[in-house]
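Can you make the complete structure from the sequences, with help from the hints?
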Amino acid sequence: MEIKEFIEHFAEQFDDTEQSEFKPETVFHELDEYSSLIALSIIAMVDEEYGVTLNANDMSSAVTIEDLFNTVKSKAE
Amino acid sequence: MVGVNPFSLEGKTILITGGAGGIGAAAAKTCVGLGARVILTDIREDALKTILASLPTSSMVEPNLCFTADLTDAEQLAALVDFCPQLDGVVCNAGVMKLTLTQFITEEEIIRIQKINLNAPILLTRSLLKKKKVKKGGSIVFTASAAGVYRVSPGNGIYATTKCGIDAFMRTVALEFGPKGIRCNSVNPGMVETALIGSFTEEQKEKERQNYPLRRFAQPEDIANGIAYLLSDAASFVTGTALKIDGGMTLG
Numbered sequence: 001m002e003i004k005e006f007i008e009h010f011a012e013q014f015d016d017t018e019q020s021e022f023k024p025e026t027v028f029h030e031l032d033e034y035s036s037l038i039a040l041s042i043i044a045m046v047d048e049e050y051g052v053t054l055n056a057n058d059m060s061s062a063v064t065i066e067d068l069f070n071t072v073k074s075k076a077e
Numbered sequence: 001m002v003g004v005n006p007f008s009l010e011g012k013t014i015l016i017t018g019g020a021g022g023i024g025a026a027a028a029k030t031c032v033g034l035g036a037r038v039i040l041t042d043i044r045e046d047a048l049k050t051i052l053a054s055l056p057t058s059s060m061v062e063p064n065l066c067f068t069a070d071l072t073d074a075e076q077l078a079a080l081v082d083f084c085p086q087l088d089g090v091v092c093n094a095g096v097m098k099l100t101l102t103q104f105i106t107e108e109e110i111i112r113i114q115k116i117n118l119n120a121p122i123l124l125t126r127s128l129l130k131k132k133k134v135k136k137g138g139s140i141v142f143t144a145s146a147a148g149v150y151r152v153s154p155g156n157g158i159y160a161t162t163k164c165g166i167d168a169f170m171r172t173v174a175l176e177f178g179p180k181g182i183r184c185n186s187v188n189p190g191m192v193e194t195a196l197i198g199s200f201t202e203e204q205k206e207k208e209r210q211n212y213p214l215r216r217f218a219q220p221e222d223i224a225n226g227i228a229y230l231l232s233d234a235a236s237f238v239t240g241t242a243l244k245i246d247g248g249m250t251l252g
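Protein sequences appear in the order of chains A and B.
Mapping of the first sequence onto the numbering used here: residues 1 to 77, in sequence order.
Mapping of the second sequence onto the numbering used here: residues 1 to 252, in sequence order.
Among the hints, erroneous ones may be present.
Computed cross-link-like contacts, DSS-like style, restricted to lysine-lysine with a CA-CA straight-line distance of at most 30 Å [to be verified]:
1) B:Lys49 with A:Lys23
2) B:Lys135 with B:Lys205
3) A:Lys23 with B:Lys135
4) B:Lys135 with A:Lys4
5) B:Lys98 with A:Lys73
6) B:Lys29 with A:Lys4
7) A:Lys4 with B:Lys180
8) A:Lys75 with A:Lys4
9) A:Lys23 with A:Lys4
10) B:Lys115 with B:Lys131
11) B:Lys115 with B:Lys98
12) B:Lys180 with B:Lys49
13) B:Lys130 with A:Lys4
14) B:Lys132 with B:Lys180
15) A:Lys23 with A:Lys73
16) A:Lys23 with B:Lys207
17) B:Lys205 with B:Lys133
18) A:Lys23 with B:Lys133
19) A:Lys4 with B:Lys133
20) B:Lys98 with A:Lys23
21) B:Lys136 with A:Lys4
22) A:Lys23 with B:Lys132
23) B:Lys135 with B:Lys207
24) A:Lys75 with B:Lys131
25) A:Lys23 with B:Lys180
26) B:Lys49 with B:Lys98
27) B:Lys133 with B:Lys29
28) B:Lys131 with B:Lys29
29) B:Lys131 with A:Lys4
30) B:Lys180 with B:Lys115
31) A:Lys75 with B:Lys130
32) B:Lys180 with B:Lys98
33) B:Lys132 with A:Lys73
34) B:Lys135 with A:Lys73
35) B:Lys207 with B:Lys49
36) B:Lys49 with B:Lys135
37) B:Lys115 with B:Lys135
Hints in this document: simulated from the structure, not taken from any laboratory.
Here you go:
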């Protein structure tokens, strides 16, 4: 599981945010476009791409995209 | 703003499913007449080509196109989505109807009708949105029905059920994609003079016509005009709406 690929999938859930904004250290809750609908689409993307079920707590406790990547990685193992 | 026509579809590329059918073909003609270019799809290849050939030339640089596909087949649906350029409008119009009284309903018929009327439009919408093929400011229109959503009639249970499903899905997409600037609505016809109502006898049709205050069934063009309105910028603040086009049938 590569973080580069994870970030690409993560970024696909957004429409208006510049691609350059998506980095491992990005605090994604603070992105203007981030919303409960986007959170739902990230949860669905993670289920589809990685076979991992994230809960609301996983989403809120992750601060950066890398944090979320690590959560997904640990659940996938 | 003199001279600007909000009902114009100039510069818009619009995908229409069921393009060889009565309402689909009328919608194609109306859209092209209003300045759009259309991409028509249908399972009936010969009829589709005939409709495409009968359309006026697109006023846009790109030509009108057609793509034969069975949208209940996942591979063919995916091929259609890949074929489509960026779209300003999507008309999920393909559908079937069969009259069956409740005690004669079979599971095979439920599955067949549901796949065409409900699963295919949901899955097509899903794929187009997921692949970001619908532009910001775009409009999705479903051909739902007065049946199920506004009234029911004997023998039409399965069809009406699928149209209720489309109604709920249409409103859900409107809610989810409103923030992204994509609108979603439906047209809800009563009886339309197309091949779809071929299963009614002349006597049934004449009796049914008495339920219409305007004393006629819709022509496909009546429905096409509603579709064109919902696709146009004239409807830019309209989303989640089920537009009844039924000659007043559901009033009584």
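Hints and how they fare:
| no. | hint | verdict |
| --- | --- | --- |
| 1 | B:Lys49 with A:Lys23 | 49 Å, violated |
| 2 | B:Lys135 with B:Lys205 | 41 Å, violated |
| 3 | A:Lys23 with B:Lys135 | 26 Å, holds |
| 4 | B:Lys135 with A:Lys4 | 27 Å, holds |
| 5 | B:Lys98 with A:Lys73 | 50 Å, violated |
| 6 | B:Lys29 with A:Lys4 | 47 Å, violated |
| 7 | A:Lys4 with B:Lys180 | 26 Å, holds |
| 8 | A:Lys75 with A:Lys4 | 18 Å, holds |
| 9 | A:Lys23 with A:Lys4 | 9 Å, holds |
| 10 | B:Lys115 with B:Lys131 | 22 Å, holds |
| 11 | B:Lys115 with B:Lys98 | 14 Å, holds |
| 12 | B:Lys180 with B:Lys49 | 35 Å, violated |
| 13 | B:Lys130 with A:Lys4 | 20 Å, holds |
| 14 | B:Lys132 with B:Lys180 | 11 Å, holds |
| 15 | A:Lys23 with A:Lys73 | 17 Å, holds |
| 16 | A:Lys23 with B:Lys207 | 67 Å, violated |
| 17 | B:Lys205 with B:Lys133 | 41 Å, violated |
| 18 | A:Lys23 with B:Lys133 | 25 Å, holds |
| 19 | A:Lys4 with B:Lys133 | 24 Å, holds |
| 20 | B:Lys98 with A:Lys23 | 54 Å, violated |
| 21 | B:Lys136 with A:Lys4 | 27 Å, holds |
| 22 | A:Lys23 with B:Lys132 | 22 Å, holds |
| 23 | B:Lys135 with B:Lys207 | 45 Å, violated |
| 24 | A:Lys75 with B:Lys131 | 27 Å, holds |
| 25 | A:Lys23 with B:Lys180 | 23 Å, holds |
| 26 | B:Lys49 with B:Lys98 | 26 Å, holds |
| 27 | B:Lys133 with B:Lys29 | 23 Å, holds |
| 28 | B:Lys131 with B:Lys29 | 27 Å, holds |
| 29 | B:Lys131 with A:Lys4 | 20 Å, holds |
| 30 | B:Lys180 with B:Lys115 | 28 Å, holds |
| 31 | A:Lys75 with B:Lys130 | 25 Å, holds |
| 32 | B:Lys180 with B:Lys98 | 37 Å, violated |
| 33 | B:Lys132 with A:Lys73 | 27 Å, holds |
| 34 | B:Lys135 with A:Lys73 | 34 Å, violated |
| 35 | B:Lys207 with B:Lys49 | 36 Å, violated |
| 36 | B:Lys49 with B:Lys135 | 27 Å, holds |
| 37 | B:Lys115 with B:Lys135 | 27 Å, holds |
When each numbered hint is compared with the structure, violations occur for hints 1, 2, 5, 6, 12, 16, 17, 20, 23, 32, 34 and 35.
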